[in-house]
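Trainee: With these hints in hand, go ahead and build the complete structure from the sequences.
2 protein chains.
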Amino acid sequence: MSEAPLTTLAAAVRPVDAAAAAACRAHWDRLTKPTGSLGHLEALAARLAAVAGAPTPAPGPALALVAAADHGVAAEGVSAYPQAVTVEMIRNLRAGGAGANVLARQAGARLLVLDAGSLAGPAGEVAELPPLAPGGAPVMVRRVCAGTASFARRAAMRRDQVLAAVAAGAEAVAWLAEEVQAGAGAGLPQLALGELGIGNTTVTAALAAVLLGLEPGVTVGPGTGLDRAGLARKREVVARALGLHRPDPGDPVGTLAAVGGPEFAALVGATLAAAARGWVVVLDGSAVAVAALLACRLAPAVGDYLVAGTLSPEPAHAPALAALGLKPLLDLGLGLGEGSGALAALPLIRQTLAVGREMATFEAAGVSDRC
Amino acid sequence: MSEAPLTTLAAAVRPVDAAAAAACRAHWDRLTKPTGSLGHLEALAARLAAVAGAPTPAPGPALALVAAADHGVAAEGVSAYPQAVTVEMIRNLRAGGAGANVLARQAGARLLVLDAGSLAGPAGEVAELPPLAPGGAPVMVRRVCAGTASFARRAAMRRDQVLAAVAAGAEAVAWLAEEVQAGAGAGLPQLALGELGIGNTTVTAALAAVLLGLEPGVTVGPGTGLDRAGLARKREVVARALGLHRPDPGDPVGTLAAVGGPEFAALVGATLAAAARGWVVVLDGSAVAVAALLACRLAPAVGDYLVAGTLSPEPAHAPALAALGLKPLLDLGLGLGEGSGALAALPLIRQTLAVGREMATFEAAGVSDRC
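For the protein sequence lines, the chains are W and V, in the order given.
Following our numbering, the numbering of the first sequence begins with 1 at its first residue and continues without gaps.
Following our numbering, the numbering of the second sequence begins with 1001 at its first residue and continues without gaps.
By construction, these hints were calculated from the structure, which means they are not laboratory data.
Keep in mind that the hints are not guaranteed to be accurate.
[Stated by the list, open to error] Derived EDC-like pairs: lysine to aspartate or glutamate, alpha-carbon spacing no greater than 16 Å straight-line: (1) V:K1327 / W:D160; (2) W:K327 / W:D304; (3) W:K327 / V:D1331.
[To be verified] Facing chain V, a subset of chain W residues (Cβ under 8 Å, in silico): (4) A84; (5) V85; (6) G366.
Even glycine gets a Cβ: it sits at the ideal position worked out from N, Cα and C.
Mentor: Quick look at the structure:
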């Protein structure tokens, strides 16, 4: 597979509108509140304005994508849950019983699951699976592999599989866009990104170590609840993989092939495609954050389209957000994944957009400004 | 005025249901997520269950009360905004243009403003003012004084005025209850509490110093944006008042009379009345937190009905929340007041209730539990 489509995708991301952000800040300073008193939401408002290209954008549709895959490295004993959980949870998402379903319904968000490489079926399968119940999510199957190889032993994927998963992520965004007809003039769409895959905090730790230049001892965490012995094993596995592959952070595709996974590549594609469409991309936990870092390597302008929904307890998350220059909206110890932290933060984005559009100015309300 | 009604109000607050909280925790441990992975929301769920007396309570109506008053101490040059702003902002709330209006509409919350002692009219006025526009808030006028006396010179209020304001807060809760017919079996009502009043961060600093045994140098902050000279003046004013009155923290009514304000007394009454009805009380900033501390002195069982919506930048807020044993849901530097931080946090409470009721268990979804 040629890498040209990836280059085209990255080139489609345009710089955000700094003038709209400045106009937004000036507008917010005229609203009937002490200057700056809405704290971090004021910075968020300026960011949303820059993405939308308007000082007070209207809210567009809420959207959510959960990319799923399985990981050969799970066989190394790095997870507190059996590998079967990935496929079982995809089914739970279809049936509407997962945390992401509940939070998507609460946020009024259209949720799509992308099976980019789970063990639910054969590699190469392409299918569209409907929800199993009202309130469940459809599943887009673009299975570039049936689980990866264990990167502790060899490369997780081939480059062409990485590129196919990136394309699948972009296709998932196109599907969501069509579903909600989120076209120009319809308000600012917000895309919550999430992931699912037993073993993928190990992948996250490896990718974060490569991208941030950190030791695995710093980036490896307990994931879904690993004990002390498991944690030591997980650190050793990541250290071994990094020594084996020596991934080049300047080669995002090669890094994903060596120590990544299909859902990470899909999230890179989704991030690029959403930014190219002018959507705000709301990040969930550490896995989504490292995918965003990779997207920024491919297209630096992407960074301005991102909002950090949450800070998870995974140790790779805070340094990844710092590298992205993002401050999380929520800091509640959310570590479920599935986009749950991003979905939980969506109301804050809606509130911020509403304040910009509906709150009165000092002048209009006849309220005295500062002494 | 006799203090008997206050005693009755405090005695009506019953202990929460610890068994429901335990059943809630057991239920959440069966949901299809890694144990504890919804972090602080899991503790919140148990608290909501304890208040509702059910492991997975349904959400009830969202309600909001903003108590407003003016303060004689504003004449000492302790605010960055002129005193007229209190009355102007009450009008802005009636017209629907204040931040609290926008956030209440976003949360689907019924908002009531209580004028407990502003300079909008004469002391003793009792009235019900309708909204000035669709989306605006009605104003209940129970004006126990037309602004307080400057506590830097004499007591802010008389004890009977404190008691009248407490009763007005309870009456405001009764009005909200009637509006939404929030009766038994209708789900768990959530009451966001807020305040409005130029000068009231000075009052908050004085009350927090008394209740927490802290120096004014610790509890006084910049409020709506005071400069360095103003901050020094504010510290001096609070220190002078505490030396003049030497309020007894064991006498909440006396403390409120000496260095309090009508909106603080009203919030004490509203907190007691809401807890007595079995509602969850969602706190906003430092002023609401010190009112909650006073309510807890009058009825210790109240503490279990409280949720901290937000951590504001005011220095009295963190120690007040620590004394209440509460961890804030949001930490976004919100310092607007008007209940805005509490209203901004309401979606997190709704999400938490929905997760408890709608998320599948491992057994029901056929998902494997831990290895």
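Trainee: Indicate, hint by hint, whether the structure satisfies it.
Mentor: Hint check results:
1. V:K1327 / W:D160: Measuring from Cα to Cα gives roughly 48 Å; hence the hint is violated.
2. W:K327 / W:D304: Holds, at about 13 Å.
3. W:K327 / V:D1331: holds (11 Å)
4. A84: holds (5 Å)
5. V85: holds (5 Å)
6. G366: At 6 Å from the nearest chain V Cβ, G366 of chain W passes the 8 Å test, so the hint holds.
The earlier numbered hint that this structure contradicts is number 1, and it is the only one.
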